[in-house]
Each structure stands twice: as structure tokens, then as C-alpha cells.
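Residues per chain, in single letters:
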Amino acid sequence: MSESHCVSCGSCGFPMQAPADFAGGMADSAYCSTCGDEFGRLRPYDDVLQANAAYYEREQGLHPAAARELARALLASMPAWKSADPTRPLQS
Amino acid sequence: MSNNSVSNPHPNTRRSSQRQATRQLLVDAALRVVAEHGFAGATTAAIAKASGKAHGTVFVHFRSREALVDEVVREIGDAISQRLAQTQSAVPTVEEVLDAHLAALAEHEVLYARLLGESATLPPAARARVFALQSGIAFRLRQAYERELAQGRVRAIDRTLLANTWIALTNHYLMHRDLFSPGASVVAARRDELKACLLQLIRS
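Chains as they are written, first to last, in my numbering: chain A, 1 to 92; chain B, 93 to 296.
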């Protein structure tokens with residue numbers, strides 16, 4: 001069996017298992033490859049929101065507006081974004 | 093750690109530990125109530141009663157019912173994600189991803205079926221967790237599929253079709269588990285059939 005426990009991204013909750021799942025391929029990063037940059041650091045909120053919405057769209061074919069609202073709701077409940085205002089408009 | 097520190101922990105540490113234990117007690121009680129009565133029946137009064145705590149205690153630990161529901165959904169999602177990670181090999185085949193997903197569903201069948209059935213009525217963050225979990229499954233499935241496609245072991249189909257067919261198939265059986273497998277685990281009863289459907293779709 002592969003490893004029995006994986007950590008979750010502090011930004012979106014994605015379970016990280018393989019090195020490629022971690023930001024920058026760094027297994028000590030607290031963030032996944034979607035939410036973090038090549039140095040393992042958390043990317044800006046708007047970038048993370050866009051990337052998570054795109055993830056919903058890509059993996060399940062959700063409508064773009066619905067995907068963005070789901071991503072916004074998810075991020076608002078995550079430790080990394082507790083202080084983010086989920087109601088503010090997305091920067092273009 | 094010395095014996096002394098174990099038997100006489102710092103008061104703040106002890107309080108924090110008690111607080112965490114009570115919080116977990118409430119979440120565990122909520123999971124039992126949801127399993128039996130669904131999310132709609134999981135009122136804060138019902139959860140307090142099931143936990144043996146006063147109603148007000150719920151709000152000491154959770155600012156609202158919505159926050160408690162979100163925590164319950166997080167628990168279910170984390171448990172399924174952790175089980176999903178336990179594939180037969182580190183670089184799993186499609187079949188191994190399906191096996192791990194079915195095993196995860198079987199272990200959390202009742203709660204996950206409740207979650208699916210009431211997803212549209214859940215608070216936004218909780219509903220987003222359901223779709224995040226499903227996207228995680230889709231992601232693992234697509235990774236495995238693309239490896240096998242590169243090896244010429246499967247035929248080319250649209251990736252979203254692949255993921256959504258699997259998610260829809262399992263969700264359909266789970267949401268109607270009382271019809272597909274009355275009184276027993278639908279995943280245990282139908283796992284081979286479910287897996288065969290998906291594999292038939294991708295194998296030449």
C-alpha cells in the first residue's frame with residue numbers, strides 16, 4: 001500500500017501525497033501546487049481563487065461563475081484565508 | 093516528557109486540551125445525528141443532546157450551526173481523502189484509484205450518502221467541500237488515466253466525461269442505496285459492477 005496519511009493544503013484543503021502535489025514540489029510546503037508558487041509560498045488571494053475555480057471547471061466541468069463561487073466559499077473557510085473578505089469583488 | 097508534566101500539565105494546556113476534547117465530542121455527536129437523521133435533522137439542540145452537553149456549550153465552540161456543519165463536512169471529507177490516498181501502489185492504475193475510492197466510500201457510506209442527498213441545502217463552504225472532494229477524486233482518476241493512455245492501455249475519451257461518469261455513477265448508487273441494496277452496504281454489494289462499468293468505458 002502507498003503511504004496511509006497525507007497532509008492537506010492550508011489554502012484549499014487538497015490532500016497532498018506525491019511531491020508533485022506540493023507547491024514547488026517541496027514536501028515541506030504547507031500549500032499545494034495550485035495554491036503555492038515554485039518556492040512553496042502561498043500565492044496572492046486572487047490568483048489562488050482563479051486557480052481553484054479553474055480546478056473545479058477543469059476536473060468537473062462546472063459553470064465558470066458557479067466554480068468561482070464555490071472556490072470563494074471554500075477559501076473563506078480555510079486557515080490561510082480566514083482574514084480574507086469573501087464578499088469583495090474579484091480583481092480582473 | 094517527564095512524568096510530572098504528564099500528571100500535572102500546565103493549567104492553560106489542560107484547559108486547551110479539555111476544550112479540544114469537548115469540541116471533538118460535539119463533532120462526533122453531530123456525525124452520529126447526521127448519520128441517523130440527516131443534516132436537516134441535525135439541529136444544535138439534537139447535537140447537544142446526543143453529546144450529553146448543554147445546548148449553550150455548542151455555541152461556546154462553534155459560532156453558529158453553519159460553522160458546526162462545516163466542521164462535520166470537513167471531517168467526512170478528510171476521512172475520505174485520507175482513505176483515497178491509500179492506493180495499492182504509489183503510482184496507481186485507474187483500477188487502483190477506483191478501488192481506493194470505493195473503499196473510502198464503503199467506510200463512510202451512510203454519512204457520504206447523507207452529504208450527497210442534502211448537498212444543495214448545505215452552507216456554501218460545506219457544499220464547496222463536497223465538490224472539492226469530488227475534484228480531488230477526478231484529479232487522481234485523470235492522472236492515472238493519462239498514465240495508462242500514454243502506455244496505450246486505454247482508449248482516448250474526454251477527461252471530464254471520465255471523471256463525471258464515475259462520480260455520477262457512484263453518487264447515483266449511494267443516493268439510492270435503499271433501492272440498490274436494501275439494508276446493506278451498496279458499495280460492498282455493487283463494487284465490482286460499478287468498477288466494471290467505468291473500466292468498460294475506457295478499455296478498448
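Just so you know, these hints were derived from the structure itself, not from any lab.
Keep in mind that a hint or two might mislead.
[Unchecked claim] Derived lysine to any residue pairs resembling SDA-like cross-links, with alpha carbons at most 25 Å apart:
(1) A:K82 with B:K141
(2) B:K141 with B:Q110
(3) A:K82 with B:R166
[What the hints assert, rightly or not] Here are the in silico distance ranges between beta carbons for each label pair:
(4) A:Q50 with B:K141: 40 to 46 Å
(5) A:P44 with B:R155: 36 to 42 Å
(6) B:F151 with A:D47: 31 to 37 Å
(7) B:V152 with A:A20: 38 to 44 Å
(8) A:G61 with B:F272: 37 to 43 Å
(9) A:G61 with B:L271: 38 to 44 Å
(10) A:D46 with B:A212: 23 to 29 Å
(11) A:D46 with B:R295: 37 to 43 Å
(12) B:F272 with A:D47: 29 to 35 Å
(13) B:Q110 with A:D46: 38 to 44 Å
(14) A:G25 with B:A276: 29 to 35 Å
(15) B:A113 with A:A66: 37 to 43 Å
(16) B:Q110 with A:A20: 18 to 24 Å
(17) B:A113 with A:D47: 24 to 30 Å
Because the structure is a prediction, the values reported are computed rather than measured.
By construction, the Cβ of each residue, glycine as well, lies at the ideal position given by its N, Cα and C atoms.
Hint-by-hint comparison with the structure:
1. A:K82 with B:K141: Violated, at roughly 30 Å.
2. B:K141 with B:Q110: Holds, at roughly 19 Å.
3. A:K82 with B:R166: Holds - the C-alpha atoms of R166 of chain B and K82 of chain A are around 16 Å apart, at most 25 Å.
4. A:Q50 with B:K141: 40 to 46 Å: holds, 44 Å
5. A:P44 with B:R155: 36 to 42 Å: violated, 27 Å
6. B:F151 with A:D47: 31 to 37 Å: holds, 36 Å
7. B:V152 with A:A20: 38 to 44 Å: Distance hint for V152 of chain B, A20 of chain A holds at roughly 42 Å.
8. A:G61 with B:F272: 37 to 43 Å: The hint (37 to 43 Å, Cβ to Cβ) is violated, given that G61 of chain A and F272 of chain B are roughly 26 Å apart.
9. A:G61 with B:L271: 38 to 44 Å: Violated - the Cβ-Cβ distance for G61 of chain A and L271 of chain B, about 27 Å, lies outside 38 to 44 Å.
10. A:D46 with B:A212: 23 to 29 Å: holds, 28 Å
11. A:D46 with B:R295: 37 to 43 Å: Cβ of D46 of chain A to Cβ of R295 of chain B: about 42 Å, so the range 37 to 43 Å holds.
12. B:F272 with A:D47: 29 to 35 Å: Because 43 Å falls outside the window, the suggested range is violated.
13. B:Q110 with A:D46: 38 to 44 Å: Given a distance of about 40 Å, which is inside 38 to 44 Å, the answer is holds.
14. A:G25 with B:A276: 29 to 35 Å: Given about 44 Å between the Cβ atoms, the range is violated.
15. B:A113 with A:A66: 37 to 43 Å: Given about 39 Å between the Cβ atoms, the range holds.
16. B:Q110 with A:A20: 18 to 24 Å: The hint (18 to 24 Å, Cβ to Cβ) is violated, given that Q110 of chain B and A20 of chain A are roughly 41 Å apart.
17. B:A113 with A:D47: 24 to 30 Å: violated, 38 Å
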